[in-house]
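Asker: Protein chains in written order, with full-length UniProt numbering: chain A, 1 to 435; chain B, 1 to 512.
I should point out that these hints are in silico values taken from the structure, not numbers from a laboratory. Fair warning: there could be bad hints in the mix.
Over the 12 Å line for every Cβ pair with chain A, so calculated as not near, a few chain B residues [stated by the list, open to error]:
#1 ARG82
#2 TYR90
#3 LEU143
#4 PRO237
#5 LYS251
#6 LYS277
#7 HIS313
#8 GLU409
#9 SER495
In silico DSSO-like pairs for lysine-lysine, Cα to Cα no more than 30 Å straight-line [stated by the list, open to error]:
#10 B/LYS66 / B/LYS134
#11 B/LYS66 / A/LYS26
#12 B/LYS36 / B/LYS128
#13 B/LYS128 / A/LYS13
#14 A/LYS13 / B/LYS150
#15 A/LYS26 / B/LYS497
#16 B/LYS251 / B/LYS66
#17 B/LYS150 / A/LYS26
#18 B/LYS66 / B/LYS128
#19 A/LYS80 / B/LYS277
#20 B/LYS251 / B/LYS277
#21 B/LYS66 / A/LYS13
#22 B/LYS404 / A/LYS80
#23 A/LYS26 / B/LYS83
Even glycine gets a Cβ: it sits at the ideal position worked out from N, Cα and C.
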Amino acid sequence: MYIIDRRLNPGGKSLVNRQRFLRRAKASVQRAVRDSLKDRSIRELDRDGEITIVRDGVHEPTFHRTAQGGNRDYVLPGNKEYLEGDTIPRPGGGTGGPFAGTGDGADEFRFILTREEFLDLFLDDLELPDLAKRRLAGAVVEGVRRAGYSTTGSPSSLSIPRTMRHALSRRLALRRPSNADMNRLDEEIERLERQAPLGADDASRLEHLHQERARLERRRQLIAYIDPIDLRYRRYETTPKPVAQAVMFCLMDVSGSMTEHMKDLAKRFFALLYLFLTRCYRHVEVVFIRHTDRADEVDENTFFYSKETGGTLVSSALDKMLAVVADRYRPEDWNIYVAQASDGDNLAHDNPQAVSLMQNSIVPIAQYVAYLEVGREEDPMPAGTFPKASDLWQGYEKVIAPKGRFVMRKVHHRREIYPVFRELFQRRTGRAEAQ
Amino acid sequence: MTGRADELLFTGSGWDFDMIRRVYDAVEEVAIGEMKLDIYPNRIEVITAEQMLDAYSSTGMPLFYKHWSFGKQVLANEMLYRKGMRALAYELVINSDPCISYIMEENSATMQTLVIAHAAFGHNHFFKNNYVFKQWTDAEGILDYLNFAKRYIMECEERHGQAAVERLIDAAHALMHQGIHRSPRARPRDLKAEAAREAERQAYQERVYNDLWRTLPRGAKQASARAEKRREALNLPQENILYFLEKTGPKLAPWQREILRIIRLIAQYFYPQRQTKMMNEGAATWCHYRIMTTLHERGRLTDGAFMEFLQSHTNAIHQPAFDSGHFSGLNPYALGFGIMQDIARICTAPTEEDRVWFPEIAGTGDPDGVLKHIWANYRDESFVAQYLSPHLIRRWRLFKLDDKEATPELRVDAIHNERGYREIRHALARHYDIGWEEPDIQVVDVDLAGDRKLILEHRVNNGVLLAESDADKVLQHMADLWGYDVCLNEIDPESGKTLKQHRAQPHSPSPG
Chain A
1 MYIIDRRLNP
11 GGKSLVNRQR
21 FLRRAKASVQ
31 RAVRDSLKDR
41 SIRELDRDGE
51 ITIVRDGVHE
61 PTFHRTAQGG
71 NRDYVLPGNK
81 EYLEGDTIPR
91 PGGGTGGPFA
101 GTGDGADEFR
111 FILTREEFLD
121 LFLDDLELPD
131 LAKRRLAGAV
141 VEGVRRAGYS
151 TTGSPSSLSI
161 PRTMRHALSR
171 RLALRRPSNA
181 DMNRLDEEIE
191 RLERQAPLGA
201 DDASRLEHLH
211 QERARLERRR
221 QLIAYIDPID
231 LRYRRYETTP
241 KPVAQAVMFC
251 LMDVSGSMTE
261 HMKDLAKRFF
271 ALLYLFLTRC
281 YRHVEVVFIR
291 HTDRADEVDE
301 NTFFYSKETG
311 GTLVSSALDK
321 MLAVVADRYR
331 PEDWNIYVAQ
341 ASDGDNLAHD
351 NPQAVSLMQN
361 SIVPIAQYVA
371 YLEVGREEDP
381 MPAGTFPKAS
391 DLWQGYEKVI
401 APKGRFVMRK
411 VHHRREIYPV
421 FRELFQRRTG
431 RAEAQ
Chain B
1 MTGRADELLF
11 TGSGWDFDMI
21 RRVYDAVEEV
31 AIGEMKLDIY
41 PNRIEVITAE
51 QMLDAYSSTG
61 MPLFYKHWSF
71 GKQVLANEML
81 YRKGMRALAY
91 ELVINSDPCI
101 SYIMEENSAT
111 MQTLVIAHAA
121 FGHNHFFKNN
131 YVFKQWTDAE
141 GILDYLNFAK
151 RYIMECEERH
161 GQAAVERLID
171 AAHALMHQGI
181 HRSPRARPRD
191 LKAEAAREAE
201 RQAYQERVYN
211 DLWRTLPRGA
221 KQASARAEKR
231 REALNLPQEN
241 ILYFLEKTGP
251 KLAPWQREIL
261 RIIRLIAQYF
271 YPQRQTKMMN
281 EGAATWCHYR
291 IMTTLHERGR
301 LTDGAFMEFL
311 QSHTNAIHQP
321 AFDSGHFSGL
331 NPYALGFGIM
341 QDIARICTAP
351 TEEDRVWFPE
361 IAGTGDPDGV
371 LKHIWANYRD
381 ESFVAQYLSP
391 HLIRRWRLFK
401 LDDKEATPEL
411 RVDAIHNERG
421 YREIRHALAR
431 HYDIGWEEPD
441 IQVVDVDLAG
451 DRKLILEHRV
461 NNGVLLAESD
471 ADKVLQHMAD
481 LWGYDVCLNE
491 IDPESGKTLK
501 QHRAQPHSPS
511 PG
């Protein structure tokens with residue numbers, strides 16, 4: 001009997017099968033993942049979670065009998081009152097017995113996706129616009145890579161082929177007697193010794209051979225098979241790896257005119273953007289700036305969950321943002337993303353100020369600016385009529401920016417968030433062709 | 001290093017490798033020394049819960065080819081496990097030589113003892129001695145074969161593309177249960193014997209030759225005779241559909257035939273397990289119960305450990321009544337163990353009734369010997385048919401319920417009384433007969449020289465047809481493999497009428 005401890009064997013034996021399954025069911029899993037957005041709160045957005053898909057695409061059919069019709073019998077335990085010949089009403093409207101087992105099986109298949117799988121599917125085929133500003137910046141990661149061989153090192157990095165090659169060439173160069181040489185001598189000696197009466201010639205030859213053998217043996221001992229000088233170790237070198245880093249500014253109007261619903265829409269958009277950025281950059285910093293008629297930099301919790309009242313001065317937030325940039329994020333080193341959410345209300349005299357800040361100071365340094373105008377849920381947007389655009393919207397429309405750098409969208413309902421987000425970040429195959 | 005024979009094997013619930021060895025030796029002493037079990041050499045492997053989940057998903061085998069359906073099982077099992085809806089099995093055992101048992105690191109010391117008695121001795125003995133396993137499986141070769149299969153399929157994926165291989169395996173999996181030889185085949189005659197036979201026939205024909213026969217009118221009979229001959233040349237009818245496709249499919253490439261063969265052979269390997277599930281579990285349960293009780297009696301297990309064992313043992317053999325809400329069919333552990341315990345009782349303390357029903361074993365006083373004989377020579381169906389005793393039927397209060405399509409109500413056909421015993425026993429045995437429980441589907445005809453349409457027949461039993469949507473999907477797979485039209489007729493064996501017909505055309509003009 002053997003006992004083998006397999007606990008330290010590498011796990012994830014079924015990973016390949018799992019991936020194959022997800023690939024096969026990709027379409028339906030993706031749909032389920034996106035639908036699940038509706039039911040998840042922002043904090044849970046990137047957790048692993050349960051997914052339900054229809055069984056159809058991943059069903060494995062077999063020949064088996066139906067659960068309905070025909071004549072059957074069942075043998076069951078636990079009879080309490082029945083006598084032979086008793087009748088029992090057919091349960092379940094005549095579709096087989098209650099005891100027939102599971103029948104044709106459920107139509108749904110439920111399972112749990114890990115966080116990575118979830119995000120991969122969720123953000124599949126989206127890309128960040130313009131990743132030009134990849135720079136070597138303060139946060140550099142040390143990467144390790146192979147760099148030749150060295151004569152010192154840890155036993156685990158011993159390179160056996162290299163070592164053996166060196167040993168072989170040293171043995172050849174120093175003429176270490178080989179096993180074959182020794183065998184030949186031994187055979188010769190043995191042959192001579194077996195001839196019982198030795199002639200004088202043979203006797204001296206035998207003597208000579210013994211001496212020769214002793215000499216070779218000594219030589220073999222002096223010249224080792226493998227000598228410490230043969231040892232070669234794989235050498236590793238650390239190299240700095242550039243890390244693309246990004247900072248994301250979330251600007252939000254928290255003045256009285258913003259309802260809870262609007263804030264929720266904005267939150268969702270920010271959450272999506274954050275998720276997306278964390279997929280693209282190793283380092284993503286997030287700066288939350290909320291504003292009424294003056295702007296503060298706050299932490300995430302305050303940003304999303306505290307209440308504030310006051311007037312509205314959009315330019316205050318833009319000013320604040322520029323101050324933070326000047327203070328901490330040099331535009332040469334950082335990819336800057338700006339997402340602004342507002343209901344579009346602004347004090348009339350502030351609009352020109354805000355637009356000019358946006359045009360002259362922010363768009364030139366930012367990778368990407370998104371302005372999201374959130375509306376009331378009940379705003380019907382009837383077809384054919386154009387509701388009057390807000391002042392801020394009208395102002396921002398005049399901002400001139402390279403294509404795709406500055407975008408504006410209106411959102412009224414939670415379900416529109418994801419489509420809008422997708423639209424903004426869709427992988428643009430057309431552009432690739434144009435290049 | 002066995003401790004003294006009256007020492008406690010362990011105290012507390014922690015275990016280490018020395019303890020496992022001690023426990024193994026003690027269990028072996030009872031199993032081999034007293035019960036005289038005959039086992040393959042054992043290999044016990046300790047694994048984690050995650051590894052157990054992985055092992056589940058590839059039908060318990062340590063190595064298996066890759067396919068998405070196993071990934072689906074992992075996900076489903078993981079979900080159930082993580083939500084606490086299902087506990088993992090404590091053990092998993094593989095019918096191979098040496099016999100590999102996986103035990104989980106989370107198990108307590110008592111559970112490890114139980115698992116060793118159950119798997120490494122109970123199942124192991126059953127695998128080695130039962131005639132179905134002896135006849136159909138090669139315990140020595142299975143791991144090597146799986147290794148070959150895994151490598152071969154991987155190479156095919158590299159050469160022919162993952163998608164093509166996946167499609168093929170999908171189709172083969174759908175037909176897996178129709179890929180089994182249910183009885184050993186007659187060996188094909190060799191050419192020499194065939195030629196001698198042909199010459200003998202020829203000589204007979206010449207001897208009885210009479211020109212008058214030529215004048216007889218020839219009719220439809222001739223055509224049917226030709227069809228008869230054609231069928232015979234293809235060994236039709238053939239119930240092993242995968243075998244038929246592998247040997248005869250006109251459009252399959254050699255690598256596709258080899259993969260069909262691999263899947264067919266693996267299905268064949270698992271066939272004995274499906275035929276003996278209840279007995280196998282019953283035997284293992286009986287062994288562990290016997291061994292654990294003996295160890296406790298000798299003072300080698302603490303009372304606490306024995307209580308823990310009993311707790312888990314009674315859970316395993318719990319059989320809810322049909323109306324309890326927990327009922328989901330007969331529990332194979334419970335039924336197998338129940339019948340075996342009953343046999344042991346009949347051997348040692350028979351009643352008058354037992355002497356009438358089981359004269360050959362009643363009062364022999366050697367339950368170990370009788371059970372070993374039964375384990376070696378029966379499968380689930382014959383085991384129930386032979387050994388389900390009136391005593392057990394009464395104890396379980398088994399009854400038989402008839403569900404006839406023509407009547408609006410279910411009828412209680414037999415209960416635990418003199419008139420009912422044989423009826424119940426017969427019906428229950430039928431439920432364990434795989435040949436009866438699975439639809440009888442055969443390839444009946446194909447005209448390879450003509451339109452090559454493959455014709456299959458399902459001989460409908462008791463008027464229960466095939467589940468339609470699934471049947472159509474499987475048929476589609478089959479058409480893709482065959483490369484031409486496929487037609488499945490569901491036939492009522494009594495009247496010969498066709499009750500339903502399924503057809504499928506191949507998707508792609510050529511599967512290769």
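Asker: With the threshold set at 30 Å, check whether the alpha-carbon distance from B/LYS404 to A/LYS80 stays at or below it.
Answerer: It holds: about 23 Å lies between the C-alpha atoms, which stays within 30 Å.
Asker: Hey, A/LYS26 versus B/LYS497, does the alpha-carbon distance stay inside 30 Å?
Answerer: Outside the cut-off at roughly 44 Å; violated.
Asker: Checking one constraint from the list: CA of A/LYS13 to CA of B/LYS150, max 30 Å. Satisfied?
Answerer: 13 Å, holds
Asker: Is it true that the CA of B/LYS66 sits at most 30 Å from the CA of A/LYS26?
Answerer: At roughly 18 Å apart (the allowed maximum being 30 Å), A/LYS26 and B/LYS66 satisfy the hint.
Asker: May I ask you to check that B/LYS251 keeps its beta-carbon over 12 Å from the closest beta-carbon of chain A?
Answerer: 22 Å, holds
Asker: Beyond 12 Å from chain A, beta-carbon-wise, is B/ARG82?
Answerer: 6 Å, violated
Asker: Within 30 Å, alpha carbon to alpha carbon, are B/LYS251 and B/LYS66?
Answerer: 25 Å, holds
Asker: Hint check: A/LYS80 vs B/LYS277, CA-CA at most 30 Å. Holds or violated?
Answerer: At roughly 28 Å apart (the allowed maximum being 30 Å), B/LYS277 and A/LYS80 satisfy the hint.
Asker: Tell me if the straight-line CA distance from B/LYS66 to B/LYS134 falls inside 30 Å.
Answerer: It holds: about 28 Å lies between the C-alpha atoms, which stays within 30 Å.
Asker: Between B/LYS66 and B/LYS128, is the straight-line Cα distance small enough, at 30 Å or below?
Answerer: 29 Å, holds
Asker: Would the least Cβ to Cβ distance between B/HIS313 and chain A come out above 12 Å?
Answerer: Holds, because the least Cβ-Cβ distance between B/HIS313 and chain A comes to about 19 Å, which exceeds 12 Å.
Asker: Is it true that the CA of B/LYS128 sits at most 30 Å from the CA of A/LYS13?
Answerer: With a Cα-Cα distance of about 29 Å, the restraint between B/LYS128 and A/LYS13 holds, given a limit of 30 Å.
Taken one by one, the earlier hints fail for this structure at numbers 1, 8, 15 and 20, listed in ascending order.
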